[in-house]
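Required output: the full structure, derived from the provided sequences and hints.
The listed protein sequences correspond, in order, to chains A and B.
Positions in the first sequence are counted from 1; adding 11 to them yields my numbering.
Positions in the second sequence are counted from 1; adding 183 to them yields my numbering.
For the record, the hints were derived by calculation from the structure and aren't laboratory data.
Using N, Cα and C, we set each Cβ at its ideal position, and we do this for glycine too.
Worth double-checking, as some hints may not be accurate.
Under 7 Å between C-beta atoms, here's a sample of chain B residues computed to sit facing chain A [said to hold, decoys possible]:
#  : residue
1  : F189
2  : A191
3  : R255
4  : W306
5  : L307
6  : P310
7  : A345
8  : R349
9  : A353
10 : S397
11 : L433
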Amino acid sequence: MAEPMGFFTDTTVCIGCKACEVACKEWNQLPATNGGHGTLSGDSYDNTRQLDGIHWRHVKFIEQFSPDRSQGRWLMMSDVCKHCVRAGCLEVCPTGAIIRTEFDTVVIQSDMCNGCRDCIGACPFGVIGVNPVSGTAQKCTLCYDRMKVGLEPACAKACPTKSINFGTIVDLKKMAQARLGQLQQAGENRAYLYGDDESMLGGLNSFYLLVDTPQVYGLPPDPQLPSRNLKASAVWSVVGAAVVGLMSVFSFRNRGGGDV
Amino acid sequence: MSSTFFTAAPHWRWLIVAYFFLGGLAGGSYFLATMMDLFGKREDRPLVRLAYLIAFPAVCVCGLLLTADLGRPERFWHMLVQAQTFRPMIKAYSPMSIGSWALLLFSGCAFLSFVAVLAERGWLPWPPLLRLNPPAPLGRLVTAVGALLGLYLAGYTGVLLAVTNRPIWADTTLLGLTFLISAASTSAALLILLGSFGGGSRDGIRALERLDASVLVLEGLAIAALVASLGRVAMVWLNGWGLLLAGVMLGGIGLPLLLHWRRPSRDSRWWIGPALVLLGGLTLRVVVVFSSDGL
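Next up, the structure:
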């Protein structure tokens with residue numbers, strides 16, 4: 012197996028140019044929204060709105076201003092599939108279309124997916140959607156086709172500020188720690204890494220440097236695997252089945268009494 | 184705020200709601216028929232036959248609904264067979280994967296019991312089929328396996344919703360229990376309704392009515408526990424969905440119980456109670472599925 016690969020996205024140097032979005036759309040031949048007739052969202056400069064089957068990169072714009080606008084800051088973040096080490100989508104996929112690659116990334120094989128959409132609800136980050144052209148669930152592949160021939164993903168290649176960094180997870184973690192130390196030394200004590208260690212779904216192979224709470228960036232504070240509910244749900248259902256079974260035995264066998 | 188609110192909706196809508204409802208009716212009817220056959224009286228046989236006649240067509244419609252809901256319906260078989268290796272596709276920890284197999288196997292049992300009933304009534308004149316009816320050993324085996332699979336079919340849909348990361352669905356572990364109990368109450372109600380028209384014995388219908396009443400009490404408790412288990416997430420139901428759920432509790436559970444207890448002897452409006460139970464079961468699934476879809 013090749014070394015685990017991924018993204019480290021340093022949101023503090025993102026300038027919101029959306030070159031990553033364009034490069035991703037071009038390389039992966041993703042269709043335009045609404046036949047190319049764009050509409051404005053009214054939400055800052057964000058007209059992409061969300062990650063889904065035809066948006067595999069999404070630059071978020073967060074405006075934090077005081078009411079009189081004398082103080083404030085922009086937060087910008089290029090969001091993408093997290094390629095979780097323990098991936099919820101991969102866990103639930105009933106067709107085996109979602110696989111873990113030799114690069115430790117998570118890829119949906121479009122020719123095997125039948126569009127059941129279980130993975131969409133299972134993803135803790137809401138990154139998957141249906142591509143209306145293929146009728147299948149799709150998301151970032153971390154440019155699996157490019158990686159196979161030694162190229163870096165299109166978004167990382169296009170990023171002009173090195174906000175999106177591509178490399179081995181080992182190298183990216185070193186880079187992230189160094190950048191975190193640099194920021195903290197410069198007095199930016201709000202900076203921290205999101206998803207860089209194993210406590211979050213075994214580690215996110217696409218992790219972030221943030222300067223506000225995850226919720227501000229639209230990221231879950233405590234993402235979980237869908238299977239956390241499996242055992243308890245199954246046990247309760249079995250208990251319910253047993254009680255209904257006993258009730259039916261009692262009702263069908265004892266006919267002498269009055270109404271319940 | 185629960186982390187489930189940062190996720191995307193799979194947009195499972197009317198087709199899936201209809202599947203959850205019909206799947207519950209198919210599995211529940213089959214289970215009740217088998218229990219009635221095992222523990223009931225000989226006079227209950229018309230009701231048992233009726234339930235087996237309901238289960239198979241209902242589960243056929245279920246398969247069609249699920250296939251129609253896929254983005255690529257022609258690939259429905261990918262749920263059962265790996266498309267690249269042609270090996271069986273089974274994931275023990277994916278409720279949709281195991282549910283697909285349960286649906287297939289249940290369909291098989293429902294089909295066998297369906298043709299056995301046709302043979303019993305003389306509509307399918309092929310005597311070997313009678314061996315698929317209890318008390319023949321093969322009939323016992325088929326109906327026992329089918330009843331267990333039917334219960335699975337009735338409950339796994341709720342477990343499937345819980346094994347996601349969506350608001351409401353993944354914030355409780357009681358959906359499987361609630362759907363299973365609701366499947367039992369709606370199936371009993373359907374058998375009461377159709378059985379009253381279709382030659383079910385009065386004694387058998389009364390047994391079903393007693394069962395439905397006790398299952399409805401259980402269902403009310405399960406829904407209350409479900410809401411309590413959601414904790415603060417239940418606040419998202421402080422809107423029209425919450426009103427609809429209250430309608431399920433009052434109109435789909437409370438009122439049928441009241442009618443049952445107040446008027447044990449039958450009058451011309453006897454059908455209102457079971458009809459409300461069926462409507463309540465459908466509405467319960469509408470609330471659970473759609474209220475999360477919009478978040």
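>> Which constraints among the numbered hints does this structure fail? Numbers only, ascending.
In response: 4, 5, 6, 11
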